[in-house]
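Chemist: One letter stands for each residue in the lines below.
2 protein chains.
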Amino acid sequence: MTKIPHRLYLTEDQMPRRWYNLRADMKEQPDPLIHPGTHEPLPAESLYPIFCEKLARQETDCTTRYFDIPEPVLDMYKLYRPSPLCRAYNLEKALGTPAKIYYKFEGNNTSGSHKLNSAIAQAYYAKEQGLKGLTTETGAGQWGTALSEACAYFGLDLKVFMVKVSYEQKPYRKAVMQTFGADVTPSPSDTTEAGRAILAHDPTTGGSLGCAISEAVEMAVTHEGYRYVLGSVLNQVLLHQSIIGLESRQAMELLDEYPDIVIGCAGGGSNLGGLIAPFMQDKLLGRTDPRIIAVEPASCPSLTRGRYAYDFCDTGHVTPLARMYTLGNGFMPAPNHAGGLRYHGMSPILSKLYHDGYMEAVAVKQTDVFEAAVQFAKVETILPAPESAHAIRSAIDEALRCKQTGEAKTILFGLTGTGYFDMAAYEAYHNGRMRNHVPTDAELAEGFASLPAMA
Amino acid sequence: MTKIPHRLYLTEDQMPRRWYNLRADMKEQPDPLIHPGTHEPLPAESLYPIFCEKLARQETDCTTRYFDIPEPVLDMYKLYRPSPLCRAYNLEKALGTPAKIYYKFEGNNTSGSHKLNSAIAQAYYAKEQGLKGLTTETGAGQWGTALSEACAYFGLDLKVFMVKVSYEQKPYRKAVMQTFGADVTPSPSDTTEAGRAILAHDPTTGGSLGCAISEAVEMAVTHEGYRYVLGSVLNQVLLHQSIIGLESRQAMELLDEYPDIVIGCAGGGSNLGGLIAPFMQDKLLGRTDPRIIAVEPASCPSLTRGRYAYDFCDTGHVTPLARMYTLGNGFMPAPNHAGGLRYHGMSPILSKLYHDGYMEAVAVKQTDVFEAAVQFAKVETILPAPESAHAIRSAIDEALRCKQTGEAKTILFGLTGTGYFDMAAYEAYHNGRMRNHVPTDAELAEGFASLPAMA
Numbered sequence: 060m061t062k063i064p065h066r067l068y069l070t071e072d073q074m075p076r077r078w079y080n081l082r083a084d085m086k087e088q089p090d091p092l093i094h095p096g097t098h099e100p101l102p103a104e105s106l107y108p109i110f111c112e113k114l115a116r117q118e119t120d121c122t123t124r125y126f127d128i129p130e131p132v133l134d135m136y137k138l139y140r141p142s143p144l145c146r147a148y149n150l151e152k153a154l155g156t157p158a159k160i161y162y163k164f165e166g167n168n169t170s171g172s173h174k175l176n177s178a179i180a181q182a183y184y185a186k187e188q189g190l191k192g193l194t195t196e197t198g199a200g201q202w203g204t205a206l207s208e209a210c211a212y213f214g215l216d217l218k219v220f221m222v223k224v225s226y227e228q229k230p231y232r233k234a235v236m237q238t239f240g241a242d243v244t245p246s247p248s249d250t251t252e253a254g255r256a257i258l259a260h261d262p263t264t265g266g267s268l269g270c271a272i273s274e275a276v277e278m279a280v281t282h283e284g285y286r287y288v289l290g291s292v293l294n295q296v297l298l299h300q301s302i303i304g305l306e307s308r309q310a311m312e313l314l315d316e317y318p319d320i321v322i323g324c325a326g327g328g329s330n331l332g333g334l335i336a337p338f339m340q341d342k343l344l345g346r347t348d349p350r351i352i353a354v355e356p357a358s359c360p361s362l363t364r365g366r367y368a369y370d371f372c373d374t375g376h377v378t379p380l381a382r383m384y385t386l387g388n389g390f391m392p393a394p395n396h397a398g399g400l401r402y403h404g405m406s407p408i409l410s411k412l413y414h415d416g417y418m419e420a421v422a423v424k425q426t427d428v429f430e431a432a433v434q435f436a437k438v439e440t441i442l443p444a445p446e447s448a449h450a451i452r453s454a455i456d457e458a459l460r461c462k463q464t465g466e467a468k469t470i471l472f473g474l475t476g477t478g479y480f481d482m483a484a485y486e487a488y489h490n491g492r493m494r495n496h497v498p499t500d501a502e503l504a505e506g507f508a509s510l511p512a513m514a
Numbered sequence: 060m061t062k063i064p065h066r067l068y069l070t071e072d073q074m075p076r077r078w079y080n081l082r083a084d085m086k087e088q089p090d091p092l093i094h095p096g097t098h099e100p101l102p103a104e105s106l107y108p109i110f111c112e113k114l115a116r117q118e119t120d121c122t123t124r125y126f127d128i129p130e131p132v133l134d135m136y137k138l139y140r141p142s143p144l145c146r147a148y149n150l151e152k153a154l155g156t157p158a159k160i161y162y163k164f165e166g167n168n169t170s171g172s173h174k175l176n177s178a179i180a181q182a183y184y185a186k187e188q189g190l191k192g193l194t195t196e197t198g199a200g201q202w203g204t205a206l207s208e209a210c211a212y213f214g215l216d217l218k219v220f221m222v223k224v225s226y227e228q229k230p231y232r233k234a235v236m237q238t239f240g241a242d243v244t245p246s247p248s249d250t251t252e253a254g255r256a257i258l259a260h261d262p263t264t265g266g267s268l269g270c271a272i273s274e275a276v277e278m279a280v281t282h283e284g285y286r287y288v289l290g291s292v293l294n295q296v297l298l299h300q301s302i303i304g305l306e307s308r309q310a311m312e313l314l315d316e317y318p319d320i321v322i323g324c325a326g327g328g329s330n331l332g333g334l335i336a337p338f339m340q341d342k343l344l345g346r347t348d349p350r351i352i353a354v355e356p357a358s359c360p361s362l363t364r365g366r367y368a369y370d371f372c373d374t375g376h377v378t379p380l381a382r383m384y385t386l387g388n389g390f391m392p393a394p395n396h397a398g399g400l401r402y403h404g405m406s407p408i409l410s411k412l413y414h415d416g417y418m419e420a421v422a423v424k425q426t427d428v429f430e431a432a433v434q435f436a437k438v439e440t441i442l443p444a445p446e447s448a449h450a451i452r453s454a455i456d457e458a459l460r461c462k463q464t465g466e467a468k469t470i471l472f473g474l475t476g477t478g479y480f481d482m483a484a485y486e487a488y489h490n491g492r493m494r495n496h497v498p499t500d501a502e503l504a505e506g507f508a509s510l511p512a513m514a
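Read top to bottom, the protein sequences are chains A and B.
The opening residue of the first sequence carries number 60 in my numbering; numbering runs sequentially from there.
The opening residue of the second sequence carries number 60 in my numbering; numbering runs sequentially from there.
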């Protein structure tokens with residue numbers, strides 16, 4: 060057998076040159092975005108006031124299987140990609156499992172996460188269209204950092220609305236974004252109608268991704284030369300993130316490996332959708348049949364306890380409606396520390412695949428997640444982001460199951476990023492001050508009450 | 060010409076399996092460590108109460124050219140090495156220089172710096188000798204983090220004394236070390252004689268690496284089963300860090316390249332000594348003649364304004380005397396933000412090479428350093444540590460000189476680490492609150508007055 064290295068880097072030449080559009084191989088398509096008033100499906104053109112034109116077309120394109128990655132995007136990818144495929148020899152040994160555990164590590168860049176993959180694409184298309192700048196929201200700050208880097212690189216202005224609870228927990232995230240030239244505002248803020256309305260309703264709210272999205276969209280549509288960009292949920296984002304899965308599959312092929320189980324954390328779905336894309340293709344085309352597992356926080360369980368329904372993507376009701384697993388746009392997640400997973404909805408593509416039985420979902424508790432994070436860090440030496448640690452938790456659980464059954468399964472999980480800016484959460488865990496919030500049925504019902512009425 | 064990739068990773072198989080001991084090729088040796096009372100040279104055995112035995116022997120070995128890297132050390136290296144050799148295409152373009160700029164990036168690991176290279180070696184030898192634990196000091200926190208990772212991996216206890224000003228500026232550094240199981244105490248502290256003496260003299264001091272070393276050494280020699288380890292200055296550390304230079308030279312050979320200029324930041328000399336090792340070997344053996352430049356902060360200018368003299372390595376006078384460029388062990392550097400460069404002395408090996416004319420040194424001001432850091436980050440997308448940014452400043456200056464002269468020189472610099480934990484310093488720079496402290500001659504004279512009297 061070939062000796063499998065601890066970390067495998069594809070060469071620059073081996074880097075994928077096309078993104079893969081999962082929708083092209085889905086037997087049934089996700090339901091289209093619809094207008095909140097008329098409930099009519101939205102054509103690409105109707106999205107042009109919000110998104111760059113090329114991105115709007117990617118958003119609505121269900122048939123083009125592959126999109127060429129533009130050269131300037133590839134050039135910036137080459138500053139941190141291909142990312143390593145890692146064999147977790149030490150974790151396997153520590154668990155005493157016969158399973159082979161692989162992880163694709165996306166944290167080796169200054170944003171500290173996979174978010175840069177889509178940020179670069181979105182900034183590039185904005186520049187190509189001759190825009191002045193972009194607006195966005197950020198939760199944990201990884202998306203905002205990534206977009207700051209991309210905007211600095213392509214010479215675009217950037218306004219970031221950062222979920223207030225994260226803004227306060229992570230003061231230095233803001234400083235990183237500012238180093239790359241971005242404006243950062245805590246959300247909800249009094250700079251937008253949407254923000255003022257949310258504050259009027261609850262002046263002490265810590266905010267949410269949903270609120271921040273409302274503010275960023277409003278800012279974009281009311282400012283000449285600006286468009287809005289989003290780091291997750293959208294079809295275009297999953298398209299760009301497919302590079303994670305494409306590299307993973309290619310690297311595993313070089314090692315003569317293929318995963319039995321693919322695991323990713325799921326907030327809005329950007330990492331999960333990207334990681335699983337080519338493996339899901341294999342599954343949709345009947346070539347292979349890996350198990351695919353989405354891992355979400357028990358505090359924000361959109362797949363495992365949400366409804367598959369049309370809902371707003373934001374709290375302020377400025378976006379179109381998307382059909383997805385959702386807790387209701389009015390659901391306010393508890394301030395847990397995996398800021399990137401505090402979102403009421405889920406990518407429509409992933410929601411449809413889950414609905415149709417192509418993937419599984421599990422919800423895990425925060426203290427169990429941090430236990431896995433610390434165990435992983437000590438043997439694999441990478442300090443994971445809390446978001447990523449959800450996938451670690453599930454990978455460990457699956458590997459321990461293999462230990463019981465004696466099966467030598469091959470597990471691949473996505474290690475989306477690093478936890479350098481999440482040390483307040485780690486401290487809370489170490490000090491025993493971390494709580495596990497699991498919403499009651501009554502709390503969920505309150506969220507579902509915010510779902511828009513459909514004919 | 061071969062197309063040179065943005066990042067070149069050697070494969071696991073190409074990883075160097077031996078460290079290189081620069082002293083073996085020096086025509087004149089650095090002066091030996093001597094006993095502070097008798098002024099007699101210290102044999103390896105006399106260091107056993109402080110250092111592990113194998114490390115003490117490495118410390119005093121001037122003739123063994125190569126040391127095999129133990130297999131368990133190689134195994135842990137494989138979790139983050141080989142590190143990438145990067146071609147700074149974007150920086151070259153931004154500067155409009157004909158120079159080719161390369162950098163060896165050591166920040167792709169959780170410690171965020173090159174420090175892990177020696178931490179692993181030192182922890183391994185301690186474990187091999189059957190010790191219970193280690194003590195150390197840390198400035199910026201990178202060494203402490205690295206050693207925490209290594210001790211967690213090998214199952215050793217660790218007590219870290221962290222320079223108080225850094226402890227306060229970087230609360231989350233502490234949390235990272237604690238995640239890996241280390242005890243962290245701000246220095247000076249009341250837990251040691253040395254700390255209490257320093258506090259009695261100046262209760263409000265922000266501390267220094269020199270103070271913290273005194274405390275850590277005292278703690279090691281007064282606790283059964285503990286030894287002291289240091290992340291810089293020592294000959295053994297330069298030996299372990301030679302892996303940086305060995306990988307760099309090997310990667311450049313694959314690209315058919317060789318540096319005309321090699322640049323590294325210099326605090327105690329760990330990165331610089333490691334990066335330049337094989338190039339200095341070429342120079343010592345007359346095979347090539349690259350310029351080698353040490354870059355230090357103007358606030359702590361040991362090479363450019365210090366004396367070449369025997370001095371204590373610490374402030375509390377618990378260490379042997381080393382002959383080196385020093386500002387005097389009583390010199391208290393201004394609280395600038397490159398914590399890793401706030402040390403009164405300099406590696407005896409590098410001091411000797413500098414004294415004998417084999418390398419140059421420049422001192423740079425902090426605001427100029429951060430200007431270079433931000434310029435670099437925006438085009439190369441890596442947020443550099445302030446320490447590393449000293450080398451960036453000098454590399455940019457050399458590249459701009461090439462622009463003036465039209466020379467297409469090949470520049471290699473060491474990008475020792477990332478700046479995620481230095482955002483308070485970046486904020487101070489952005490807000491215009493950063494000051495440049497350059498010690499007056501009177502301040503230097505005060506430091507020199509602390510040099511021990513020699514017969």
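These are computed hints drawn from the structure, not numbers from a lab.
Note that CB positions come from ideal geometry on N, CA and C, so glycine has one too.
Incorrect hints may appear among the rest.
Unchecked claim - Where chain A lies over chain B, by a calculated footprint (3+ residues, C-beta under 8 Å): (1) 231-242; (2) 446-457; (3) 481-487.
Chemist: So, for every hint listed, does it hold in this structure?
Modeler: Against the structure, the hints come out as follows:
By the rule of at least three residues with a Cβ nearer than 8 Å to a Cβ of chain A, the coverage given for the segment 231-242 of chain B holds, with 7 such residues. Beta-carbon proximity to chain A at under 8 Å applies to 0 residues in the segment 446-457 of chain B; the threshold of 3 is not reached and the given coverage is violated. Counting residues of the segment 481-487 of chain B whose CB lies closer than 8 Å to any CB of chain A gives 4, so the stated coverage by that chain holds, three being the minimum.
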